[in-house]
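Q: Build out the structure end to end from the sequences listed, making use of the hints.
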Amino acid sequence: MALDLDDQQGLDDLRSDPARTYDARLNGRSAKQVKGQDKEDGGSCEVFFEVAAKARTGVTVVLGTGRSTDEACQEAGKLAEAVEPLLPKA
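If you use the UniProt record's numbering, the sequence shown corresponds to residues 1 to 90, in order.
Do not rely on the hints blindly, as some may be mistaken.
[Unchecked claim] Computed list of lysine to any residue pairs in SDA-like fashion (alpha-carbon distance at most 25 Å, straight line):
#	residue 1	residue 2
1	LYS89	GLY36
2	LYS78	GLY28
3	LYS35	ASP12
4	LYS78	LEU5
5	LYS89	THR65
6	LYS78	GLY58
7	LYS89	ALA19
8	LYS89	TYR22
9	LYS78	LEU3
10	LYS35	SER16
11	LYS78	MET1
12	LYS54	SER68
13	LYS78	GLN9
14	LYS32	LEU5
15	LYS35	VAL83
16	LYS78	ASN27
17	LYS78	LEU11
18	LYS35	ARG25
19	LYS89	GLN37
20	LYS32	ASP6
21	LYS89	GLY42
22	LYS32	SER68
23	LYS32	VAL62
24	LYS89	SER68
25	LYS35	ALA52
26	LYS78	GLY36
27	LYS54	THR65
28	LYS35	LEU14
29	LYS78	LEU26
[Unchecked claim] Per label pair, the in silico range of CB-to-CB distance:
#	residue 1	residue 2	range
30	LYS54	ALA2	28 to 38 Å
31	GLY66	GLN9	30 to 40 Å
32	ASN27	ASP70	20 to 30 Å
33	ASN27	THR65	25 to 35 Å
Hints are computed from structural coordinates only; laboratory data are not their basis.
C-beta atoms are modelled at their ideal positions from N, C-alpha and C, and glycine is treated no differently.
A: Put into structure tokens, the structure is as follows:
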């Protein structure tokens, strides 16, 4: 798991594969979920959400062998929900 606090780039600056990127909402904030590819060595998922126009937070979860991207996205979502209330409102 990783947590990234970016005070230079907002959600609109996110560069990701559009086929794997999904718009979302997190407690009233704009958010994006970026699904990794299922691989033999495990799945991955990132959730980014808005802190300000030019600031975002990212949560990354990479799971081990035999665990899916969907499972990684569930875990990333839980972590994002836990972190979000600790940040300033957008």
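Q: Which earlier hints turn out false for this structure, listed by number in ascending order?
A: Those not satisfied are hints 1, 5, 7, 12, 19, 21, 24, 27, 30.
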